[in-house]
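**Student:** On the provided structure of chain A, position chain B with the ligands as indicated by the hints.
In the order they appear, the protein sequences are chains A and B. Each residue of the first sequence is one higher than the last, beginning at 1 in the numbering used here. Each residue of the second sequence is one higher than the last, beginning at 1 in the numbering used here.
Read the hints as simulated data drawn from the structure, not as lab findings. Each hint should be verified, as a subset may be incorrect.
[What the hints assert, rightly or not] A short, non-exhaustive set of chain B residues, derived as facing chain A with CB atoms under 7 Å:
1) 5
2) 13
3) 17
4) 20
5) 22
6) 94
7) 99
8) 102
9) 140
10) 144
[Said to hold, decoys possible] Quick list of simulated restraints, FRET-style, between CB atoms:
11) A:114 / B:20: 54 to 62 Å
12) A:337 / B:184: 50 to 58 Å
13) B:196 / A:157: 31 to 39 Å
14) B:180 / A:174: 25 to 33 Å
Glycine included, every Cβ here is placed at the ideal spot set by N, Cα and C.
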Amino acid sequence: MGLNSTGTTGSTGSTGDISNTGYSGYSDGMDRHFIELDRVEKVFDVRKKTGFLRRERREVRAVDSISFTVARGEMVGYIGPNGAGKSTTIKMLTGILTPSGGRLRVAGIDPSRERTRLAHRIGVVFGQRTTLWWDLPLIDSYRLMHRMYRIPDARYRENLDRCVELLELADLLDVPVRQLSLGQRMRGDIAAALLHDPEVLYLDEPTIGLDVISKAKVREFLRDLNAERGTTVLLTTHDLQDIEQVCRRVMVIDHGRLVYDGPLAGLHEVGDSERTLVVDLERELPPIEAAPARVVKVEGPRQWLAFPASESAAPLVARIAAEYPLVDLSVREPDIEAVIATMYAEQAQYAKQTEFAKQTEFAKQTEYAEQAEYAEQADPARRPGEAEETVP
Amino acid sequence: MGTGRLYAAVAAGGFRRYATYRVATAAGVFTNTVFGFILAYTYIALWAEKPHLGGYDQAQALTYVWVGQAMFAVMVLGSNGFEAELMERIRTGDIAVDLYRPADLQAWWLAADTGRALFHLLGRGVAPMVCGALFFELALPTDPLTWIACLVAIALGTVVSFAIRYIVALWAFWLLDGAGAMQLTWLTGVFFSGMLLPLNVFPGALGEIARLLPWSALLQAPADVLVGEADPLGTFAFQATWAVVLLAAGRLVQSAATRRVVVQGG
Ligand SMILES: Nc1ncnc2c1ncn2[C@@H]1O[C@H](COP(=O)(O)OP(=O)(O)OP(=O)(O)O)[C@@H](O)[C@H]1O
Ligand SMILES: [Mg+2]
Chain A
1 MGLNSTGTTG
11 STGSTGDISN
21 TGYSGYSDGM
31 DRHFIELDRV
41 EKVFDVRKKT
51 GFLRRERREV
61 RAVDSISFTV
71 ARGEMVGYIG
81 PNGAGKSTTI
91 KMLTGILTPS
101 GGRLRVAGID
111 PSRERTRLAH
121 RIGVVFGQRT
131 TLWWDLPLID
141 SYRLMHRMYR
151 IPDARYRENL
161 DRCVELLELA
171 DLLDVPVRQL
181 SLGQRMRGDI
191 AAALLHDPEV
201 LYLDEPTIGL
211 DVISKAKVRE
221 FLRDLNAERG
231 TTVLLTTHDL
241 QDIEQVCRRV
251 MVIDHGRLVY
261 DGPLAGLHEV
271 GDSERTLVVD
281 LERELPPIEA
291 APARVVKVEG
301 PRQWLAFPAS
311 ESAAPLVARI
321 AAEYPLVDLS
331 VREPDIEAVI
341 ATMYAEQAQY
351 AKQTEFAKQT
361 EFAKQTEYAE
371 QAEYAEQADP
381 ARRPGEAEET
391 VP
Chain B
1 MGTGRLYAAV
11 AAGGFRRYAT
21 YRVATAAGVF
31 TNTVFGFILA
41 YTYIALWAEK
51 PHLGGYDQAQ
61 ALTYVWVGQA
71 MFAVMVLGSN
81 GFEAELMERI
91 RTGDIAVDLY
101 RPADLQAWWL
111 AADTGRALFH
121 LLGRGVAPMV
131 CGALFFELAL
141 PTDPLTWIAC
151 LVAIALGTVV
161 SFAIRYIVAL
171 WAFWLLDGAG
181 AMQLTWLTGV
191 FFSGMLLPLN
201 VFPGALGEIA
211 RLLPWSALLQ
221 APADVLVGEA
231 DPLGTFAFQA
241 TWAVVLLAAG
251 RLVQSAATRR
261 VVVQGG
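One chain only, chain A, in its complex shape (with noise of 0.2 Å):
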């Protein structure tokens, strides 16, 4: 597999560039701006029973003013809690949902206006569904994707070879959809969703529900993929595992806005996350004062002390070592999912305010300065994200 093996990738005949040198070094824009929201929105209209013939209507924003960008050629993991409005988000850039306000483009395409000329171009795994005949072999789905994008029969063929010995599909490929196992069946979907070489792929949780050794297979293909053919990978997940071995890139959302845009290691700084420092001392004793740390757990000689993550843990140690008996000492690092737990649960709170300013009715203007006032008073670090945020 070599530069020849990117396909249809777009005209611009460098496309086996993308390999080697990331999205960086593009110049033109539709490369850079090759997905491009820019205050995004999507209202939901609810009706409620609330009574005999009576119903309430209410609004859901279940996307509330995103605005971000993808260069061709990037991974980026689009994380966030339930309900957080990612699928809706995947559902309009794929076409088949209308955004309520903003603007959107894909390849230069506005997806739901033209999502037939677009659905040539990009490729779509919705992790709890499936594109393939339920109740026919997998093959047949496969001849099936070769009509329905027209893709020239030897293209067909050795994208097929291709996904079949990665996603060691050989002996499925003759049994019914219906008789794979979900893990079977979710390789069998990506592999649907790649034979017609598009440009980007959008995968919906693609790795719910399965085992360890099938995810592990999953995201190796991924990383494989757009190395060789500079494929640009859209993926959503509760799985972070996901996001550390695939994605360099992540995007957090909740409550259907934007709250985090960088690399996955700058959460750390973001979320206000803690380090702990575990001592052991020679007998028990009572919690250690070292200021900033704080002891969060004692047992025994033991004792549990945190202190924030872009402190740096010698000069705690020093004092600790001066004043306590020490005998043994170590360090670790925030768990990642910890750190996103408390931006979630920070993210929750911020909402029920901004409810509440919503319900006593001030006007938008009000709102988007308690925001912007809300993003002055955060961590400073929340802002390089912040700033990410907005499309130039």
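**Tutor:** Just chain B with the ligands now, kept in the frame of chain A:
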């Protein structure tokens, strides 16, 4: 041409899908045959009492019975066809998968349903018809052209049948639970297709109206062509008109549905 191959592949898939369920097919043939016998004896009693009811002699009436049993699955007069599946896809949100594909929803399902109808014609139509011909004296034509004309009428009938059910299925975009709508169409279909009694037996204005409704394209039309009671070309024109009108209406509903209405589920 590429599009033609796609929908041919979809139709082939529709055919093979139903072909995989052999036991269900056998059970269906059995049921249709049993019902054929019951109806045949009822009709014999009825036509003995009132010969030339609705312009049929007894042999024509019996032919009508067995054509009805043969068309039962083909025209989806009894069970649920694709519409139950399509409604379920809309309700659960699986329709999302169908919508982001570069294929037309209506054409896709029409192709799949045509494949299904072809299978049902062979798998569930031929056997009851042969059985009826063996045990009863039917008014079957000897001219192969009449048989061909009947097949054309059947083909047009399946398109009308599809077009009706497609519109019904799309209501699920608004109603979400389409079971009620489906039952209503099913009842209407059984009555107005002439499954219970030939439509030309219906008296007065009811008969006039019933014969003009699209459901009469499903069973009455091919049966009348077969027993030589209707002019084939006029029948084709009638069926084709309904097919075009209903397919166009389906397109309208489809574009309204996919534009305005929401895809369910995460
Ligand atoms: N068809 C719909 N009608 C009404 N509200 C909807 C609809 N689809 C989604 N929502 C609402 O929009 C919000 C976002 O939903 P979405 O499915 O995008 O979340 P998500 O981030 O994918 O969550 P999860 O991690 O659980 O999959 C939720 O509050 C949900 O209730
Ligand atoms: Mg979701």
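**Student:** For each hint given before, does the structure comply? Return the numbers of the non-compliant ones in rising order.
**Tutor:** Of the numbered hints, 5, 9, 10, 11, 13, 14 do not hold.
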